[in-house]
Amino acid sequence: MTDALRDGASAVEIAAAVRSGAVTAGLVVETTLARIAARNPAINAFTALAIDRARERAARIDMTRASGGTLGPLAGVPFGVKAMIDVAGITTTAGSKLLRDAPRATRDAAVVRKLEAAGAICVGALNMDEFGLGGTTENALYGPTRNPHDLVRTAGGSSGGCAAALAAGLVPLAIGGDALGSIRLPASLCGVYGLRPTRGTISRDGVIGGGGISTLGPMARTAGDLRACHDAMRDAPPGERPAGDAGTSGLRLGIGGGYFRERLDADAADAVDRAAQALSIARVVEFPYARLARAAAMLINTSETPVGKLDALRTRLDDFDPATRDRFLAHVLMPVQWYLHAQRFREWHIGEVRKMFETVDVLLLPATPCVAPPLGTPTIRIDGVDLPTGPTLGWFTQPLAGTDCPALTVPIARDGRLPIGVQLFAPPRREDWLFRVAMRLEAAGLAIARVAS
Amino acid sequence: MTPFDACTYMDAAAAALAVPIPPERRDAVAANLARLHALAQEVLAWQPPGDALHDPQDP
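Listed in order, the protein sequences are those of chains A and B. Heads up, the first sequence is in the numbering used here, so the first residue is 253 and it goes up one at a time. Heads up, the second sequence is in the numbering used here, so the first residue is 21 and it goes up one at a time.
Read the hints as simulated data drawn from the structure, not as lab findings. All C-beta atoms, glycine included, are put in the ideal place defined by N, C-alpha and C.
One-sided and incomplete, this derived list gives chain A residues near chain B with beta-carbon spacing under 7 Å:
(1) Ala547
(2) Ala548
(3) Leu551
(4) Arg579
(5) His593
(6) Ala594
(7) Phe597
Isolated chain A (complex conformation):
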């Protein structure tokens, strides 16, 4: 058997094997579908499969190769998408009963088109909190997604299906969405990589829900796969230099202080400290106005999430998920001045963050305050204090959400213990710096995304 079919094979390995003819795209897809059939019932990551479509695309790739045609950089690589992203032939439910009976999508979202133009093959849709409102992927329509590393624990959210599918070895790539941390948070709890790209660089064509500060982003099990996926899905500006593998030489690295050293438990602190040691970071940098930035981002997102749902709140309230129903009702009633003032702060704060980046290139931060809590846990205890689970899991992702800057969760090796990640944060359009740091951590053996046994 070729290595490209082994459990945990990377996207880069699979694409190389398909391009060389060591394996067919058809066999990759059949192996993937068999893994999903065997493992998905336990973790509930996929909510819909595109079996015929995936087989048809695989056959097309194999025919292209057989006829001497050129294959894309992600040839034959299976991927899944958060259930808010249109896949032709699948109903885009966004995890909501309100959309369960909607017509199937007739065209693919732009990100799906881009990835498939690069040769990747979409195999289905992945579970999420209803309309992305939540951090634990406990969904009344489909049931909760379970963390592959411990099935009684949450996968995080709202892109929990994506993170769980990667951690279970179902697919090597997934596309999630992140407003307040919905990529970075589940990536940390499931021990995979997740990138929130620079806002505005990924098309949202064909995507349901999500407010103005949200963006789609790639998730993967290696830094190289994450970069390859990001390269394929983004709208690159003309003449942009390609990202290199130049290590971290010349990069000014810092570790977040103040807010980012509070409300983290021993696991989270250990992950950050080990990453700082591996990167030889001694300099502490204060992220400006973190607490206010968190409050403003939450108010902005809160105001924007009910847009388009007013009629449903009036007439189909019982069809909302019990986990989100009361929150959507509160959100739609929020005074506009709270939103506008939060936006004024955000605009000013972007300038403050720009000033911070005059002295540092990449900032190392915690990703989550702790490892994955058990499903259904209303509060989590940190430093002896019980805090509400949902907002607290996003304590370190939320302050970055309004900045427009890219942030990347890197999984830290844990010797069989539950996974946890760290965040890397860089100025707008400097994803290449994030990849360089992530690859250095990976090369040092500190960043590892383990497939759950």
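Fit chain B to the given chain A structure using the hints.
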């Protein structure tokens, strides 16, 4: 300053938007509004530097 009364505000805003709040949902919706109010107080306490009476129409 008058304390924020989440229930009174909820009833007025829900009437303005014609969104009925079922009796069994009132407490939870009001609690969510109170949480948002607490966040808003943090943000409203911030004023743009040198811009306390800024007119949004000004350049």
